[in-house]
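Chains Z, Y, F and X, in that order, are what the protein sequence lines are.
Using full-length UniProt numbering, you'd call the opening residue of the first sequence number 1 and step up by one each time.
Using full-length UniProt numbering, you'd call the opening residue of the second sequence number 1 and step up by one each time.
Using full-length UniProt numbering, you'd call the opening residue of the third sequence number 1 and step up by one each time.
Using full-length UniProt numbering, you'd call the opening residue of the fourth sequence number 1 and step up by one each time.
Hint data in this document are derived by calculation from the structure and do not stem from the laboratory.
Some hints here could point you the wrong way.
In this list, chains with the same sequence are indistinguishable; a pair is considered to hold if it fits within one copy or across any two.
[Unchecked claim] List time: in silico DMTMM-like cross-link candidates among lysine to aspartate or glutamate, alpha-carbon distance up to 20 Å:
# : residue 1 : residue 2
1 : K127      : E78
2 : K123      : D79
3 : K190      : D162
4 : K112      : D162
5 : K220      : D55
Protein chains: 4
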Amino acid sequence: MKKLILLAGLIVLAGFTPKKPFKVVFFGDSITEYGAQPGGFITLLRDRLKTEQKDKDYEVAGAGIGGNKIYDLYLRYEDDVLTKNPDEVVIWVGVNDVWHKRLFGTGTDWDKFGRFYSALIKKMQAKNIKVVLCTPASVGEKTDFSNELDGDLNKYSQIIRDLAKQYNCDLVDFRYTFHEYNLKNNPENKDHDILTKDGVHLNDVGNKLVADIFYKTLIK
Amino acid sequence: MKKLILLAGLIVLAGFTPKKPFKVVFFGDSITEYGAQPGGFITLLRDRLKTEQKDKDYEVAGAGIGGNKIYDLYLRYEDDVLTKNPDEVVIWVGVNDVWHKRLFGTGTDWDKFGRFYSALIKKMQAKNIKVVLCTPASVGEKTDFSNELDGDLNKYSQIIRDLAKQYNCDLVDFRYTFHEYNLKNNPENKDHDILTKDGVHLNDVGNKLVADIFYKTLIK
Amino acid sequence: MKKLILLAGLIVLAGFTPKKPFKVVFFGDSITEYGAQPGGFITLLRDRLKTEQKDKDYEVAGAGIGGNKIYDLYLRYEDDVLTKNPDEVVIWVGVNDVWHKRLFGTGTDWDKFGRFYSALIKKMQAKNIKVVLCTPASVGEKTDFSNELDGDLNKYSQIIRDLAKQYNCDLVDFRYTFHEYNLKNNPENKDHDILTKDGVHLNDVGNKLVADIFYKTLIK
Amino acid sequence: MKKLILLAGLIVLAGFTPKKPFKVVFFGDSITEYGAQPGGFITLLRDRLKTEQKDKDYEVAGAGIGGNKIYDLYLRYEDDVLTKNPDEVVIWVGVNDVWHKRLFGTGTDWDKFGRFYSALIKKMQAKNIKVVLCTPASVGEKTDFSNELDGDLNKYSQIIRDLAKQYNCDLVDFRYTFHEYNLKNNPENKDHDILTKDGVHLNDVGNKLVADIFYKTLIK
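Whenever a hint applies, use it, and build me the whole structure from the sequences.
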């Protein structure tokens, strides 16, 4: 009799033990940092998961810090990402690695960009974390490749594409997507105000687009 | 009878008064400096003028100095170009204005590039010198706009195209031509060795192409 | 009789012809531009000339434009300075030639700094204009030579000192004076707020000091 | 009697158990890399330890790689230093963190320089490794602080001095020592050829001086 009651209790308990949701952490720079704010793409993703009643299956969190380059991610990975116990980490970095060459003389050499990126992927994969890579979208939205940093952004994006292949990671190619979107929607060849507020940071349309792409890519 | 003698006299006179050839001076940086060396495009042009017996109609000369930017041309215009009494000046500059930002931190702001370029054109046109503008060809020959400086080179080329319109000058759009040539002849997306030795300075094929283009543009 | 009348007329005429004051034009960058504003050193100089009743002997004017480097001065010399018919021109430039290397990658190579500076001096001396040179004071007021640009500022200041000797110009060595002043008055090794608002642009104390130095140097 | 035998046994035993020498690893950039070559300061140290019969007490090894900045040391610390089982690590880095701002636009922000340096010290101290810090000696040997990078080198040296205090590490202040040496031995204010071949990399005199300083500091 006692056993039966215990069993019943266990069954009830099991019913109340929610499955731990699959946790996705977005790891990056200011674009990701702003993504966690109201209206940002991470917030939009979280809202949509709730609306579509998938918030028991998926959880999203941001780990973006403004001004971060690939080696900053490498330095703070343990403290800021591993402690969140993620099942999947989406790395979106590269804009500052290129931009800070011009702004402060402190960008990242392309070969060291690859070296730190590889080391970061390996650390995560060693913990069985699924890693998703993203190419840097834009520093300036002009479509004729006359934004000052287009050459380097294209180069570093290619490095990321190659790393995705090498380490068998999913790739979200924002560099390609943003360019294609602008070719259709930026007939005046404007520097910003299409998907970004300032050429770099997402406006409402940009956040919506990015949230949609991530939803399709990450949520099954 | 008198008329005949007069006519004969005129013929003799004409025979003794050689027509001054139309003088073209190439004004620029190291690309132009090397152009005046054996095998360079200015030398090739001179050879061809001789072969086609046009060397009495046209004379070509180089005024290129390595490392020059637009304001260097402005500074030495009187000494190095005006003293040559040119009928036509071909300005080919811009590579260092962009490149030296990265190499030495001493490139040229885009707005000042335009300002010095305008001032130089005006000085020449005030002397009734015909001015021909050229866009900078390349710093790196990769065709997917992943050469580090492609963005800025495209931007500065557009400034030059706009100046050509504004001041009613002929334009030789090497930026466009080199890209088109590479799209056809650089399937491996190589950084150099198509039209240049090092991404910037012309190899034999490049000198030949440039000489051909200038011949078609300048020689009637 | 006629002669006497004529002579008298000339004397009267001379009496009505006021002596043209000796005109000093300050030619430079934003520091000079701000110098012409209320509280700026040029305004202070003008006030003092009035107070000391020397405003009939001396006239001061500003020709400063923010962001200017030595070659910008060279470009706009005819329009902005020569048109003012100056007897004396005080050139104060150099901060941006060094600083813009870091800020925008568009500073001035040291050798070209000297070349444009020489050309500018020669142009003025050819018009019998007295030329006074100034060294750039500071980008950061720390006294232990740990301001990022101290090395280059010291180097470019030395170039200016050498030019002053070479062209026999008076020199106002603000680089030296500001450093000495800070050694005495900046015990906390502060970056700004001693003679400048931001390490570069003069605060009230700075404007007062600069006006005093110029008064002593320029006004006899 | 038993005691004597025991004692004798201990002596014999001691004789047979070679004491593991105290291992010092030099961790840095090209200066350290060259230090391990013939004539380099690490080689000189090893020779002197042998001459003075201290090579059973001390062992020295190099772990320098050209072009390394502080974050490169952080990335390769486990592979290149920890695997050598050092008792003491001498970190000598900083030249490239400053220099590469100018050379490639890829120097290290001062705040991140401190952050990576701290993280590296902590990692080592957690393994009970004694850590010795060195300030960057020079990029140019001129004594009047007119070497282009003097400002930043002074700033980064101060960061290292502060870190040495904060983490209770020994400090070898080459920035100070080299400047003092040059004040005495570089009356012509030469850019190099006093302690360095090129302003940065040690010549024979420099290697001798550095080896002497390290010997005094590290060997008891």
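Do the hints match the structure? See the list:
| no. | hint | result |
| --- | --- | --- |
| 1 | K127 - E78 | both (11 Å within a copy, 18 Å between copies) |
| 2 | K123 - D79 | both (13 Å within a copy, 14 Å between copies) |
| 3 | K190 - D162 | between (30 Å within a copy, 17 Å between copies) |
| 4 | K112 - D162 | within (15 Å within a copy, 28 Å between copies) |
| 5 | K220 - D55 | within (12 Å within a copy, 64 Å between copies) |
Violated hints: none; the structure is consistent with every hint.
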